[in-house]
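Colleague: Sequence:
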Amino acid sequence: MAGANELAKAYDPSAIEEKWAKYWVEQRLFDTPVPAAGDHAKAFTMLLPPPNVTGRLHMGHMLNQAEMDILTRWHRMSGERALWVPGTDHAGIATQMMVEKQLAAEGKTTRKELGREAFTDKVWTWKKQYGGAITEQMRRLGASVDWSREYFTMDDTLSPAVIEAFVRLHEQGLVYRGAYIVNWDPKLQTAVSDLEVESEERIGKLYHVRYPLADGSGSIVVATTRPETMLGDTAVAVNPTDERYIALVGKMLTLPLTGREIPIVADDWANPEFGTGAVKVTPAHDPNDFAIGQRHSLPSLSILDQTAKVDLPGSKYHGLDRFEAREQVVADLEAFGLLVAVKDHAMTVPVSQRSGSVIEPRLSDQWFIKIQPLADKAIEAVKEGHIKFTPEMYAKTYFEWMGNIHDWCISRQLWWGHRIPAWHCADCKGITVARTTPAVCSKCGSAEITQETDVLDTWFSSGLLPFTVFGWPPPDGQMTKDMAAFYPTDLLVTGFDILFFWVARMIMLSCHFMLDVPMADGTPRTLKDAVPFREVYIHALVRDANREKMSKTKGNVIDPIDIIKRFGTDAVRFTLASMASPGTDIAFSEARTEGYRAFANKIWNVARFIFMNIDRAKEAGIATKLCAPCLASEIWAEAPIETRWILARLSHTTNEVNQSLKDYRFDEAANAIYQFFWGEFCDWYLELAKVRLDFGGTSNAATELTLGALISVYEAALRLLSPFMPFITEEIWHALYAAVGMPSPAKSIALTRFPLGSEFRGDAVAVADMTMLQELIVSVRGLRKEMGVPEKEATPIVVFATDAPVATLASTNADMLAKMARVSGVTLAQTALSGNGTRSTPGFDVQVLYERVIDVPAERERLSKDLAKYEMGLQAAEKQLANEAFIGKAPAHIVDGLKKQATETKLLFDKTRAALDALNR
RNA sequence: GGGCGCAUAACUCAGCGGUAGAGUGCCACCUUCACACGGUGGAAGUCGCAGGUUCGAAUCCUGCUGCGCCCA
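Residue numbering for the first sequence is 3 to 923, as defined by the working numbering.
To be clear, the hints were calculated from the coordinates, so they are not data collected in a lab. There's no promise every hint is true.
BS3-like cross-link-like pairs, simulated, lysine-lysine; straight-line CA separation at most 25 Å [said to hold, decoys possible]: (1) Lys749 x Lys44; (2) Lys114 x Lys311; (3) Lys24 x Lys431; (4) Lys620 x Lys692; (5) Lys902 x Lys867; (6) Lys398 x Lys664; (7) Lys891 x Lys881; (8) Lys398 x Lys379; (9) Lys24 x Lys44; (10) Lys604 x Lys692; (11) Lys692 x Lys821; (12) Lys787 x Lys821; (13) Lys379 x Lys390.
The structure presented is a predicted model; accordingly, all values stated were derived computationally and were not measured.
Based on the sequences and whatever the hints tell you, model everything.
Modeller: Have a look at this one:
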């Protein structure tokens, strides 16, 4: 793209975006090498929350990545050593399920038929073939990540680190194995963590069942929602304060259907208000019952196997599914006359997030992390301010959760993942935990050892990422250069849905492990520098236009790639940025995106306009200069008012953008740029530049100066915009330099400097004068519309102003008024104006001279409306000014402001009154 | 049950103690040689309800109503 004629009239993002996305990656523009010795540029480091390797890009990713990319590009352009590390997560359950499904679709082999090794080979094959899909999509978004550092959580470098972390925790006594109640997913046949369980409201039944006393002296009725588990009951609990049952505590009951004898115990957990007040205790199949069992030393009887079928060989219920068993048990109880009542009951059922099956609390051997010591440090890190949350509110949520944290079950009965480095001894039943495969049992020396089959929770490995990606543990005991240069990372940008899954775990694990790693200079590390990141920015959830959460089942998922194809990546990025205000979710609106596509088109057409004028200048032999550093220079002091004004406005906008980005206010930053570019640069500056640009040859100096300002301000605006809209700005920026015959100063606009407000000349006088002229122009335009002056017809105006400079401004800028408001001539009046075709502001009166009769009723209505408005305003102001308390207590500038406002309103009121009278005459 | 958040123009959202704002949409006019994905002008809100604090409340506090989320 070189000349205006070669540019398409409308911007077509698809024509350029893929080209630049590819260019950025191939040129390795965003690779961040380890700093050379003596290079002390400030680092800005972020980790991409690794998407699941099986994932497809969704709007949440796009928001997350758009925000991270804006920040990375901004920091990079601000001269920092910006590093954004990408990667993908092996996503244990999700990936294993996906490949199993694929196997099922292909033929008959199941995972189990294949065997562990062959299956994991299959998964690796799958990963190699399809695992890059999501990162391909990221490239399309223009994410300026360092691809040279891309990781996968099961890489050869990361896996040993995971093993090392596990072994160390074990050595420190923070890993234990034991039989505990876990959330068991009978479909996936693995334990899952508390976080992977969701609650669902369901209507079930509450069964009242009579348990007879063993001595035949009576009975007790228990209430339960899960009668089938009575096969595993080992007690009945009643509340110690419950007078109905107090006498029965200690007595034995005969458990129906099995004939086993079980005790009645007193325990606070039994709620006298609920059901009958007596509760059956099944320690092996309910977490609360498990706790009761521990308190009363009750045996735990597992009656369900890993597929949730009854596992009681010899019993008539053996082999029945848990729900079938329930029906059978209920039927049998009824037959024995022991079923007292059945009531409908609303209850919450635990459901597996991954498979959707009802979770079966199950007693099994699992590996746990003793979490409290880690949580304590993690709480301290945030309390002490070493980690800052934005919005701050999330710190509360974080403390709430961390304060009630439970030990973390980290073993998963899966094949895809980091296999736990523990070996079971067949002889002594001892466990050997080791970094490398041991030859013999460390306890008894037996060679009959086999490795633990469980793998680690995926979140365990991703929780280690902030330090493992930078080379922990150091291979030779020396801290890696990456670690020295980039840890701790500066910021984590993420959705709050993984606040506990990932964010909290990273904080816990990083604080724990990094505290042991000395600083680069050898001094001990404190918690302040052990943290994984210094700040966490939590963004909103992207919903559909109706505020509904996007989900596959609802079919309301918006595919970012689809939207990008329709509107362009830049427009979508800008939409997300402009809607990303903190605290509220984003209801993604296409209408908004359409608006920003129009914005991109506007930017494009300014380029066409500028190129056209550069061509004209070339033909006329006028120099075209692009000089970014000159924009602060005093050479502009003599420039026409609009040029001095636009520089000041650019300066102001730049400051706003920098400040907003610092505060993570993407919305404010985006709106400031939008408003400046369209509302000021295009609507005013460009139009006024047309007045100055004259290639006829008489006023070359003004033309040269204006064209230079136009090009240079536009170039600065492109840099300002480039973190938000990297594609279109890249395209135009290169073309702009080509057009003025200069080599691009960098390989990419992304490698140039982000503007600073001080780089543009401020001029308060120009801003005040220009504001006044704008008011005058808008007034005249309004009057002309009201009076029905045809668009093309120019009219003379009369201006009255008590303030002399205003009158001078109007007459000396007649050319501006002619262009912007079709004014054919300016006359200055010596007295206030009123009557037909007049409009008044606090600064001036203006009258449009036009012979056409005005629409009297319409004008009367408008004036009456204004009059009423001024009257109300005036009354309110006068009332307040009469209030002594206000005068006494309000700050002076407020009081003065109100007085000034009252005076102005009074003036306008009088003028409007006079105009109305004149009309009625 | 515990905790957190949100209610502002038709829609989507800013503002969070000093006279109500933006984008989209709507109405009218304009094919002016960058752009009709455009230009110009305009209409549109007792800031969920009720109290309180304050000279002054959309903004702070309390309660209520209605939504939403998180944890039990």
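Colleague: Next step is simple, just say for each hint if it's right about the structure.
Modeller: Checked hints:
1. Taken as a hint, the Lys749 and Lys44 pair is honoured in the structure, with Cα atoms around 22 Å apart against an allowance of 25 Å.
2. Proximity of Lys114 to Lys311 is assessed by CA-CA distance (about 19 Å); at most 25 Å being required, the pair is judged to hold.
3. For the hint linking Lys24 to Lys431, the alpha-carbon distance of about 57 Å lies beyond 25 Å, and the restraint is violated.
4. For a cut-off of 25 Å, the pair hint linking Lys620 to Lys692 stands: about 17 Å separates their Cα positions.
5. Our distance criterion of 25 Å between C-alpha atoms is met by Lys902 and Lys867, whose separation comes to about 22 Å.
6. Among the hinted pairs, Lys398 with Lys664 is consistent with the structure: their alpha-carbon atoms are about 23 Å apart, no more than 25 Å.
7. The straight-line distance between the Cα atoms of Lys891 and Lys881 is roughly 15 Å, inside the 25 Å bound, and the hint therefore holds.
8. Annotation: proposed proximity of Lys398 to Lys379 holds, straight-line Cα distance about 16 Å (limit 25 Å).
9. A C-alpha spacing of about 28 Å is found between Lys24 and Lys44, which places the hinted pair above 25 Å, so the restraint is violated.
10. Under the criterion of a C-alpha separation no larger than 25 Å, the hint pairing Lys604 with Lys692 is consistent with the structure, at around 17 Å.
11. Of the supplied pair hints, the one linking Lys692 and Lys821 holds, its CA atoms being roughly 9 Å apart against a limit of 25 Å.
12. Between Lys787 and Lys821 the alpha-carbon distance is near 16 Å, which keeps this suggested pair within the 25 Å criterion.
13. For the given pair, Lys379 sits about 15 Å from Lys390 by alpha-carbon distance, which is consistent with the 25 Å threshold.
Of the numbered hints given earlier, the model fails hints 3, 9; all others are met.
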